[in-house]
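K.L.:
Here are the chains, one letter per residue:
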Amino acid sequence: MSDLNQQMAVRYKNNFLKEIEEQAEMGNWVKMCMQCGVCSGSCPTNFHPGWEHPPQEIFMMIRAGKRDEVLNSQSMWMCTSCYNCYVRCPRKLPITHIMHGIAEYAYRLGRAPKMQPTLHLSKAFWNNCTKNGRVNEVKLTQSLYFKDGLMAGIKMGLAMKDVALGLVKAKRLNIMEALGGGHKCKDVNGIHKMLAKARELEAKRKGRQPA
Amino acid sequence: MARKEYAFYPGCSSQKGASASNYLTSVESMCKTLDIKITEIPDWNCCGASISYAEAGELPRHVMNARNFALAEQHLPGQEIVATCAACWLGARESKERLEHNSVLMADTQEALKEAGLSIKAIPEIKHMVEVLIEDLGYEELAKPVKKPLADMKFAGYVGCQTNRPFGIHGESFENPVYLDKLIETVGGEAVPYDQKVTCCGGALAFSEPDKAQAQIKDIIESAYDNGAEMIVTPCPLCQANVEVYQGQINKKYGTKFNMPVLYYSQLMTIAYGGTAKEAGLDGNVIRARKLEEFASK
Amino acid sequence: MADMKTAAYICKGCELGNRLDAKALIQVATKEGKMNLVREHDFLCSTEGVALIKNDIDNEGVTHIAICACSRRAKTEAFNFPTVAVSRANLREGVIWVRPDTDEARETTQEMAEDYVRMACAEVKAMTVPSGNPNTGGVKTLMVVGGGISGMTAALEASRAGYKVVLVEKSGALGGWAAKLYKRIPTREPFKAPEDNGVADLIAQIEADANIKVYLNATIAKTSGAPGRFKVEIVVESGPQATEDIGAIVQATGFELYDMNKLPHLGGGQANVVDQAGLEALARAANGGPIKRADGKEVKSVVFVQCAGQRDATGEHLQYCSGYCCNASIKQAMYFKDSNPDIDTLILYTDLRTPGNGEDFYRSAQNKGVIFSKGVVSQVVPNGNGLTVKFKDLILDEETETEADLVVLATGAVPNSGVNIEAVAAPAAEESEGEGEAASAALPVAEVKTISILNLDYRQGPDLPQFKHGFTDSHFICFPYETRRTGIYAAGPVRRPMDTAQAIEDATGAAMKAIQAMENAGLGRAAHPRAGDLSFPTARLEGCTQCKRCTVECPFGAIDEDEKRYPLFNESRCRRCGTCMGACPVRVISFENYSVNTVGAQIKAVDIPDEFSEKPRILILACENDAYPALDMAAMNRYEYSAFVRAIPVRCLGSVNTIWITDALNSGYDGVMLMGCKHGEEYQCHFVKGSELGRYRLSKVGDTLKSMNLETERVLDMEVAITDIETLPKRINEYAAKIMEIGFSPFKGF
Amino acid sequence: MTSVVATNQTILVVGGGISGMTAALEAAETGKQVVLVEKNPYLGGRTAQLYRYFPKMCHPTCGLEINLRRLKANPRIQVLTLAEVTGISGSKGDYTVNVKIAPRFVNENCTACGECAKAVTAEIDDAFNYNLGKIKAAYLPHAMAYPQRYVLDPSIIGTADAEKARAACKYNAIDLNQKEEQVSLKAGAIVWATGWQPYDAEKITPYRYGEFPNVITNVEFERLADPHGPTGGKILRPSDGKEAKNIAFIQCAGSRDENHLRHCSRFCCMGSLKQTHYVQEKYGDEGKSTIYYIDIRAIDRFEDFYAKVKANPNVSFVKSKVARISQDKDGNPVCWGVNTEGYKRYSNTHDLVVLAVGMEPAVKGVDIPAEVMSDSSGFIMADPKNAGIFGAGCATNALDVNRAVQSATAAALRAIQVVNKVARAEA
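Residue numbers (my numbering), protein chains in the order written: chain A, 1 to 211; chain B, 1001 to 1298; chain C, 2001 to 2750; chain D, 3001 to 3427.
With the rest of the complex left out, here is chain A (with noise of 0.2 Å):
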């Protein structure tokens, strides 16, 4: 991927702003902050420790063309979809949408944070829900444990134990879905010939060789 990067870095020398714009999903908007701060107060991760960067700084740094801090960041990684900071932004900035846009574009090129917890749960849900068109949840719950390795699975899977059990005896977990079955769509072959092409369609517009 970090391929990707270099033919980036080069297309746009050093107009960060530009590669944003048209690269990262909803990009185009960033440069209409005001810096008035309504988003990184609206967050609800903003008040526990260890976030870096929030949306308006984050939207300040790319202007700053500060390339590396930003697609290195966590900060987009902490975002939890709350919308706050979108229906509050006095510029109408569809602020949640461009955090996620800068994370895609970020993971794209390979520069997300390696073992980002939340990028690794993204994969594993879409390639969960792809594979038959619906989510495994006993099979996205494993590969969640599992990320970090055997070791630390079974003991991430003995923390969450009460949880699961809790949720297996309100028939709300089936463990059989682990073993081959749960939902799945008919058409799945459809559905992935479908995404495969927008997966095309996409790398297409964008201007990026299909990964």
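Hint data in this document are derived by calculation from the structure and do not stem from the laboratory.
We put the beta carbon where it would ideally sit given N, CA and C, even for glycine.
Just to be clear, a hint being listed does not mean it is correct.
Derived lysine-lysine pairs resembling DSSO-like cross-links, with alpha carbons at most 30 Å apart [said to hold, decoys possible]:
| no. | chain 1 | residue 1 | chain 2 | residue 2 |
| --- | --- | --- | --- | --- |
| 1 | D | Lys3344 | C | Lys2012 |
| 2 | C | Lys2730 | A | Lys13 |
| 3 | B | Lys1252 | D | Lys3092 |
| 4 | A | Lys92 | C | Lys2140 |
| 5 | D | Lys3186 | D | Lys3039 |
| 6 | B | Lys1127 | D | Lys3203 |
| 7 | B | Lys1004 | B | Lys1278 |
| 8 | A | Lys193 | B | Lys1278 |
| 9 | C | Lys2023 | A | Lys18 |
| 10 | C | Lys2164 | C | Lys2192 |
| 11 | C | Lys2392 | B | Lys1096 |
| 12 | B | Lys1218 | A | Lys186 |
| 13 | A | Lys155 | B | Lys1016 |
| 14 | C | Lys2678 | D | Lys3234 |
| 15 | B | Lys1114 | A | Lys193 |
| 16 | C | Lys2730 | C | Lys2678 |
| 17 | C | Lys2213 | D | Lys3092 |
| 18 | C | Lys2730 | D | Lys3118 |
| 19 | D | Lys3170 | C | Lys2023 |
| 20 | D | Lys3039 | B | Lys1182 |
| 21 | B | Lys1218 | A | Lys139 |
| 22 | C | Lys2337 | A | Lys206 |
| 23 | C | Lys2392 | D | Lys3344 |
Now the stretches of chain A that chain D is said to cover, found in silico as 3 or more residues with beta-carbon under 8 Å [said to hold, decoys possible]:
| no. | region |
| --- | --- |
| 24 | 28-36 |
| 25 | 166-176 |
Derived Cβ-Cβ restraints for the label pairs, each shown as a range [what the hints assert, rightly or not]:
| no. | chain 1 | residue 1 | chain 2 | residue 2 | range |
| --- | --- | --- | --- | --- | --- |
| 26 | C | Ala2277 | D | Ala3127 | 29 to 39 Å |
| 27 | A | Met176 | B | Asn1251 | 51 to 61 Å |
| 28 | D | Gly3031 | C | Ala2193 | 34 to 44 Å |
| 29 | C | Gln2027 | D | Asn3074 | 35 to 45 Å |
| 30 | A | Gln7 | B | Ser1103 | 25 to 35 Å |
| 31 | A | Gly207 | C | Lys2192 | 24 to 34 Å |
| 32 | B | Gly1255 | A | Leu165 | 31 to 41 Å |
| 33 | B | Glu1190 | D | Pro3154 | 55 to 65 Å |
| 34 | A | Asn5 | B | Glu1190 | 56 to 66 Å |
Model the placement of chains B, C and D on the given structure of chain A, informed by the hints.
P.N.:
Then chains B, C and D, alone, in the frame of chain A:
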């Protein structure tokens, strides 16, 4: 002939044996009482949810929703789509809005759909079940079938994010929506005021950033307790799961003694309409709502 | 005065009849007031009551009437008799509404009422109906000085109203600053893109307008006279001198940019650093094409530095914000973006100021890709063939820098307001006592200009007095056009920093005021704030000692000196504040309906009980615009105060002549309260310097008191605002108590 | 029956606030006939509801007194209060205007003695004080109300209270039979000076105005500071009457916001800077003010004023648009947000929050003839075709008092140009 018919989009979590199966159960009972006919969209697929943004990218996400639109149009012509899951509803509405306002996206989508032998003519309206209840029927209609008002029961209506923002329920404020409280009162319960009504439960980050998410969940439950709530009520499967299932972990981490049942509005309504605990899917709650179960059995 | 017939009317309405002994009041008016005719009425302001008075005027030949009822501020429509002299005894707000309705209070309340009746009778007899100013001029031609947007607008708007205009422009062409602009900030919806500078259109209109006579390359050698009869000598470069008869003047002499050479740290004076004018020149040269630097290089990156040498706390540069520069830089950044979207345009600001629909302009610029950063520039230094701009990014909280081909400094506006007559001490100022305090703070930056614009042949100097930072603005929120030179109004950026849209509005307003001044001068009427007042000051020159106090103190420069150094009044420059009357040590200046005598007679009319009566008498001289209404409103709220005070409204503290105070004390008053408006930098006096001059003058009373062996507390100078309705009665009562402490005046019964 | 003397050389001024009064006075003092129409029972508009003006900290009533004196002394102005324009027909130089006049139930006989108010028992919301208090249903709107005549609130007509009022009046000033009137009048030119209204703060949901009693608006705060106001000039907070000494001012409450008012309302920055003076004036060093802002827009010489306030250690500035307000157990409002200068999080507790709500043109939704154009914010724009109807003051833009008066003076001349033309044509 039912008085209302909808193309039903249950979503992945509201399937048999899935994490919101009890939601589905109660919704079906509720709709039966209200004479609402919901027909599942044949072979519907996952909406992708917000969280898939990174892996999915833009177009594939819309295409997934577009497929559901196409199927609904094809098999259930003229019917509006109703979703029970906040994420499904939001995902679908976002795709509808984006596709209708972006001809390039629409063209690409059609091209991709062709691969699955589908196409879109006009995207149907997409509603959340709550909209069907309060907009298409109205509180008065909802009150009529009430057989057993949920007297002296105190609920904290937890609206959360995605049924509230960015679209929300028409005429409600983002900061203090009252439709859930009104629903609670419609079925005879008491809605306690509390200030975490629209606080985010962490959403999908409950998986990836459990510490942050659980800190937020703690605030929500604490505030519900502080204001005298006995149960929490929500319209969103993810909110329901997050607020319910992590209470044990939160108790461990913070030394709290949370044991707060978290229900769906549809479960309340089913009981108030005289349904059994089973019909309301109360057995599907990890933290059992004993008081409500006893009430139901009376 | 020969056939003066006086009448007094005692009203018994609004409880006056119950609270007061009307019979006794009639007695007082007849016996002591010596009124030829005295009537009482149950409801004087009723149709019948008014008809009664009207009838006496029409059929009984009554010429002077004293209406003893409510405050002069109440029932003005009913009691409106323009043909006769009218005084008002304030028995309602002045007496019964501020006194308790109790048996013990009844006696003193009645005495209060009787005194006010005496005073009204005495006053009206000393008055005559103003006959209007004989010394008017009927010229209805407006002179506009300055041919920029403001000047041209003022000229055209006046012409559209049917007035002739003389337009004087010092340069060889009309257009002024706006003509230098490639385009201007949008003035109408949609506020999204720069628009044509509008100059060509205005010039065309002016050339096509037969009402407007234009002088180019012209300056003003001399302006003498007054509204309605100015004589203006115009010198045309390499041409004959012309003289014009002018009715009123609009000064629209604009501004120049603050000199960027004073900002070396921002690169001022260096290559590739320009001010906003410099950028406009480059843009005009490019005319929509790529903008090139002086060295011919095409600009690919440009940085705009806002507030360059403005909003400066050090006192080294301009302290104020010029208001328009944010929008101007946005506009100039658009020049670049519109010619080539790939040019980097960065605007560095601390507070972006785009009020009103300017917000749309701001959004539009962002949409075009103009980058805005909240930052403070520390340095601009050469860097190869370009520049490096070092700044603190306030959002990212870091010292950083950026490169640019070109840097534009938004340096702000310095007004062309001519000579600061208060900084360069007015001639013979030292001769006057008032002046020392009167001089306002001179300005650090805007260097004192020595070339006059108007060359007014006025005793008090050649140009409009300046207000702040060299601008000729008014200090009144409610009356933005009120300069201190009647009939001369400032418009546009010389008055206050402003953009084109505002300047157009401002110039139209100034033209309005100028037209009004001409119309009123022709009718001998006063201008604001005593608009329509027909009275005017006259002097008995045989008594004049040529002390010049009046000529120096007049806040409006209305009085010159003739060759024999006697005061020469220019009535249509006069605002009727009476400061000259107050200043005159020999009391030769007076108005027909307001004079040393009209007030003096009231003071003397008050009945002074002897010291054994335990009833002191305190004189209140209250500003009619703020203190007197405050007393009225205190009464409406039924706030009570001492029955020992007797209040007389005065036009302004500046009109208070010390003789009133000394006479009062001599005749046995125990104290005097002077109630005037706030003075100093935030003055609230509607005659600008009136209360200040009055105060200064009255501060000298202390010596008089000593010479009379009286305690200095017997005269109290109070600053009163119109909202002091609650505190004023308290302060009156406290003073009354204090007087009781000090004891009674030894002068009683003399 | 109200009789109006007007011809096509008359200038009609709609709105009796400081802009309308100014336009009317400037025209009349230039010799023109003017009819001034005001919907309130008194003149003065919103400036009369201000405690002090920036930057001089002088009192609006002082200027109002002068304007009222000018008005009383001028026979050329006819004032119609409780009156609203309902329709305009005709064209430049020849308009016919329909005016609806609501009954005051008090006639010219009124001496403002106040006996009727004593007699009446019913109370109504005190509109002059933004309903922060109650007044008798027979009332003088405020101390400097002109015309200086009482008003009977329609709500008591037909009740015993109305009879009591009538009985208490010795001067037959109370006329309970007054009916709404429709009068039609001619005018050559019209000045539209209907002013502004504060933006409805309830629409700014994150700030919970209307839900949290201690979140109020800037216009309400003016009344709290004013000695004529409901608290007699004491800054007491609504919830418990406690002295509010720690006050937050939130700028751009509705302004510069695509969800509310797109324009910048211009006056609010200076307004809040001014109001910090009130806090200082009442509480000295115990009074603390915090201003939350995006950009402080203290334009031109107002910068001096800003500099003085900045130098006051009791006033702090936070560059941040407050994200939301919550309320703690004691009813104190808590402001949540992030200081964008260096990204510092805050959740600050205050005694009182003052929302600097912006200006919405009052012309919005009013039906004025097509030849009058308005901009995207609803403000009247100068018509390039130069028709005979001219906007003045805050009907044309978000303006401070000083600029509103300029605008009104300009509008007066534009109107005079029209009627002079008519006069020349008829001469």
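K.L.:
Could you run down the list of hints and mark each one as holding or not?
P.N.:
Taking the hints in turn, this is what the structure says about them:
In summary, the hint linking lysine 3344/D to lysine 2012/C is not supported, as the alpha carbons are separated by about 70 Å, beyond the 30 Å threshold. For the proposed pair lysine 2730/C and lysine 13/A, the alpha carbon gap of about 76 Å is over 30 Å, so the pair is violated. Among the hinted pairs, lysine 1252/B with lysine 3092/D is inconsistent with the structure: their alpha-carbon atoms are about 80 Å apart, more than 30 Å. Of the pairs offered as hints, the one joining lysine 92/A and lysine 2140/C is violated, with about 55 Å between alpha carbons and a cut-off of 30 Å exceeded.
Between lysine 3186/D and lysine 3039/D the alpha-carbon distance is near 19 Å, which keeps this suggested pair within the 30 Å criterion. Restraint check: the Cα-Cα separation between lysine 1127/B and lysine 3203/D comes to about 25 Å, which is no more than 30 Å; the hinted pair holds. Restraint check: the Cα-Cα separation between lysine 1004/B and lysine 1278/B comes to about 25 Å, which is no more than 30 Å; the hinted pair holds. With a CA separation close to 41 Å, the supplied pair lysine 193/A and lysine 1278/B exceeds the 30 Å bound.
In summary, the hint linking lysine 2023/C to lysine 18/A is not supported, as the alpha carbons are separated by about 93 Å, beyond the 30 Å threshold. Distance restraint check for lysine 2164/C and lysine 2192/C: the Cα-Cα separation of roughly 38 Å exceeds the 30 Å cut-off, and the hinted pair is therefore not satisfied. The straight-line distance between the Cα atoms of lysine 2392/C and lysine 1096/B is roughly 44 Å, outside the 30 Å bound, and the hint therefore fails. At most 30 Å may separate the alpha-carbon atoms for a hinted pair to count; lysine 1218/B and lysine 186/A exceed this at roughly 41 Å.
For the suggested pair lysine 155/A and lysine 1016/B, the alpha carbons sit about 29 Å apart, so the restraint of at most 30 Å is met. Note on lysine 2678/C and lysine 3234/D: the hinted pairing holds, with a Cα-Cα distance of about 23 Å set against a maximum of 30 Å. At roughly 9 Å between alpha-carbon atoms, lysine 1114/B and lysine 193/A fall within 30 Å of each other, so this suggested pair holds. For the proposed pair lysine 2730/C and lysine 2678/C, the alpha carbon gap of about 19 Å is at most 30 Å, so the pair holds.
Proximity of lysine 2213/C to lysine 3092/D is assessed by CA-CA distance (about 29 Å); at most 30 Å being required, the pair is judged to hold. Simply put, lysine 2730/C and lysine 3118/D have alpha-carbon atoms about 25 Å apart, close enough for the 30 Å limit, and the pair holds. This hinted pair checks out: lysine 3170/D and lysine 2023/C have alpha carbons roughly 21 Å apart, not beyond 30 Å. Between lysine 3039/D and lysine 1182/B the CA atoms are separated by roughly 40 Å; this puts the pair beyond 30 Å, and the hint is violated.
Between lysine 1218/B and lysine 139/A the CA atoms are separated by roughly 27 Å; this keeps the pair inside 30 Å, and the hint holds. The straight-line distance between the Cα atoms of lysine 2337/C and lysine 206/A is roughly 24 Å, inside the 30 Å bound, and the hint therefore holds. Between lysine 2392/C and lysine 3344/D the alpha-carbon distance is near 17 Å, which keeps this suggested pair within the 30 Å criterion. As drawn, the region 28-36 of chain A meets chain D at 3 residues by the rule of a beta-carbon pair under 8 Å; at three or more, the given contact holds.
Coverage of the region 166-176 of chain A by chain D is violated [criterion: at least 3 residues with CB-CB distance below 8 Å; count 0]. Between alanine 2277/C and alanine 3127/D the beta carbon distance is about 51 Å. The supplied range of 29 to 39 Å is therefore violated. Our hint of 51 to 61 Å for methionine 176/A and asparagine 1251/B is violated, since their Cβ atoms are close to 30 Å apart. A beta carbon spacing of about 43 Å between glycine 3031/D and alanine 2193/C agrees with the range 34 to 44 Å that was offered as a hint.
One distance hint, 35 to 45 Å for the beta-carbon pair glutamine 2027/C and asparagine 3074/D, holds here, with the actual separation near 38 Å. At roughly 28 Å, the beta-carbon separation of glutamine 7/A and serine 1103/B lies within the given 25 to 35 Å, and the hint holds. Taken as a hint, the range 24 to 34 Å holds for the pair glycine 207/A and lysine 2192/C, whose Cβ atoms sit roughly 30 Å apart. Separated by about 22 Å at the C-beta atoms, glycine 1255/B and leucine 165/A break the suggested range of 31 to 41 Å.
A beta carbon spacing of about 41 Å between glutamate 1190/B and proline 3154/D contradicts the range 55 to 65 Å that was offered as a hint. Between asparagine 5/A and glutamate 1190/B the beta carbon distance is about 57 Å. The supplied range of 56 to 66 Å therefore holds.
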